[in-house]
Amino acid sequence: MGASIKAISYHLPEKSFSNEGYFALFPESRSNENLNKLKIENRFIVSENEVSSDLAVKSALKLFDEHKINRDEIDFVIFCAQEFDFYTPTTACTIQAKLGLSNNCGAIDFNLGCSGFVYGLNIAKGLIESDSCKNVLLLTSSTLTKTFHPKDKSSRYLFGDGAAATLISSVNSSQSGIRKFVFGTDGSRFDKIIVRDGGARNPINENSFIDSNDGFGNISNNAHFFMDGIGIFNFALKTVPNLIFQTLEKNELKLEQIDYFVLHQTNFLLNESIRKKMNIEPERMIYNIHGIGNTVSSTIPIAIKMEQDKGKIKKDALVLIAGFGTGLSWSATIIKI
Amino acid sequence: MSINDFIQKLEQELESFPENSIKPESDLKSFPEWSSMYALIIIALIDTEYNVTITGEDLRNMKSVQELYDLILSRK
Chain A
10 MGASIKAISY HLPEKSFSNE GYFALFPESR SNENLNKLKI ENRFIVSENE VSSDLAVKSA
70 LKLFDEHKIN RDEIDFVIFC AQEFDFYTPT TACTIQAKLG LSNNCGAIDF NLGCSGFVYG
130 LNIAKGLIES DSCKNVLLLT SSTLTKTFHP KDKSSRYLFG DGAAATLISS VNSSQSGIRK
190 FVFGTDGSRF DKIIVRDGGA RNPINENSFI DSNDGFGNIS NNAHFFMDGI GIFNFALKTV
250 PNLIFQTLEK NELKLEQIDY FVLHQTNFLL NESIRKKMNI EPERMIYNIH GIGNTVSSTI
310 PIAIKMEQDK GKIKKDALVL IAGFGTGLSW SATIIKI
Chain B
362 MSINDFIQKL EQELESFPEN SIKPESDLKS FPEWSSMYAL IIIALIDTEY NVTITGEDLR
422 NMKSVQELYD LILSRK
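Protein chains in written order, with my numbering: chain A, 10 to 346; chain B, 362 to 437.
Since the hints were derived computationally from the structure, they do not count as laboratory data.
Certain hints may be false.
Claimed, not checked - Only pairs whose alpha carbons sit at most 27 Å apart, straight line, appear in this in silico DSSO-like list of lysine-lysine: (1) LYS324/A / LYS247/A; (2) LYS46/A / LYS390/B; (3) LYS286/A / LYS77/A; (4) LYS107/A / LYS390/B; (5) LYS437/B / LYS286/A.
Kindly generate the complete structure, drawing on both the sequences and the hints.
Written as structure tokens, this is what we have:
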């Protein structure tokens, strides 16, 4: 028995945040033509009273509607996020009820950022191929912009909010549409992308709100999101090409046999540098950053869905997907659409 | 590769620097336009062109383009 991605839908919040809006907040950046190299023109930002599970529920409802999916047939829901509704219970349990899924449905949360979709896909594949489930609903969602310091120029330019719903189902074919995975973790670099205070390790305290400048004009504090942008850039340049080669090797495939590469959508400069290093033709590298920014765990499913809708990624295409980010954590696999 | 080739590449990649404004002795950090974007562009350029990794710390310590060029050569 194999597992395949059957359908993808996504939801973006209503409020958009264009470069015009950005330059109104940071007028000194308007003349910085180098920002064009990131090729981000717009992002969508979650409203104050909306949370990550709300976006996920909306993406799932869209999935049911767009693809005529019978929700009674879903026997497991996996929620990948970094912002959960409560300390307890598990947010996926509340999602089960909101979506009207069966009481025989399993529900779990897991916490990963930009590598989350690929990890979630492997969990879904495992549930199906171990014959525990037939239809797994994987929800990825991010409301990271809620954690940004108002004066954090870089993060506010790069990231947008959004959610994706992916249905993974059992197929009769002996070969799975989701192939073998490669994983990686380097927890020694946990502080490269971090919100330091507010979790169990460091409760919010009076020092949490002392601002500091990273030397490049980005202001943040321990109560807000911090990313060592240069450190992460170098991590990705080094790690992702190796990750791609390992994934090809594990699946006994050659670079030329892959129709499309859908890397986690960070920004054009970084993904393009990876493409150049690997000598992949521009037509085979998918870019889907300009209208929505980096939506963390949802960039890969949103990019696949948007390219399917445009008619570029067609049925039976072989696509290599690679996620990488906070943790530090990374993973890749190959899927047959 | 010579330092002049390197400077030419830098000028091609870094928008909004007037032509011929970068010299071997220039301290890029002293330009008013300097930002983390420049750092990323320089790191991407050096990685893809010379297959050498330059860190944020290297750029923070760099006092001139010549110093950066020498660092690339020493790591090649």
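Straight-line alpha-carbon gap LYS437/B to LYS286/A, limit 27 Å | Distance of about 16 Å is within 27 Å: holds.
With a cut-off of 27 Å on the C-alpha distance, tell me whether LYS324/A and LYS247/A pass.
-> 32 Å, violated
27 Å Cα cutoff - pair LYS286/A, LYS77/A = Between LYS286/A and LYS77/A the Cα gap is close to 42 Å, so the pair fails against 27 Å, i.e. violated.
Within 27 Å, alpha carbon to alpha carbon, are LYS107/A and LYS390/B?
-> Judged against 27 Å, a Cα distance of about 53 Å means the pair is violated.
Taking only the CA atoms, is the gap from LYS46/A to LYS390/B under or equal to 27 Å?
-> 20 Å, holds
Checked against the numbered hints listed earlier, the structure breaks hints 1, 3, 4; every other hint is satisfied.
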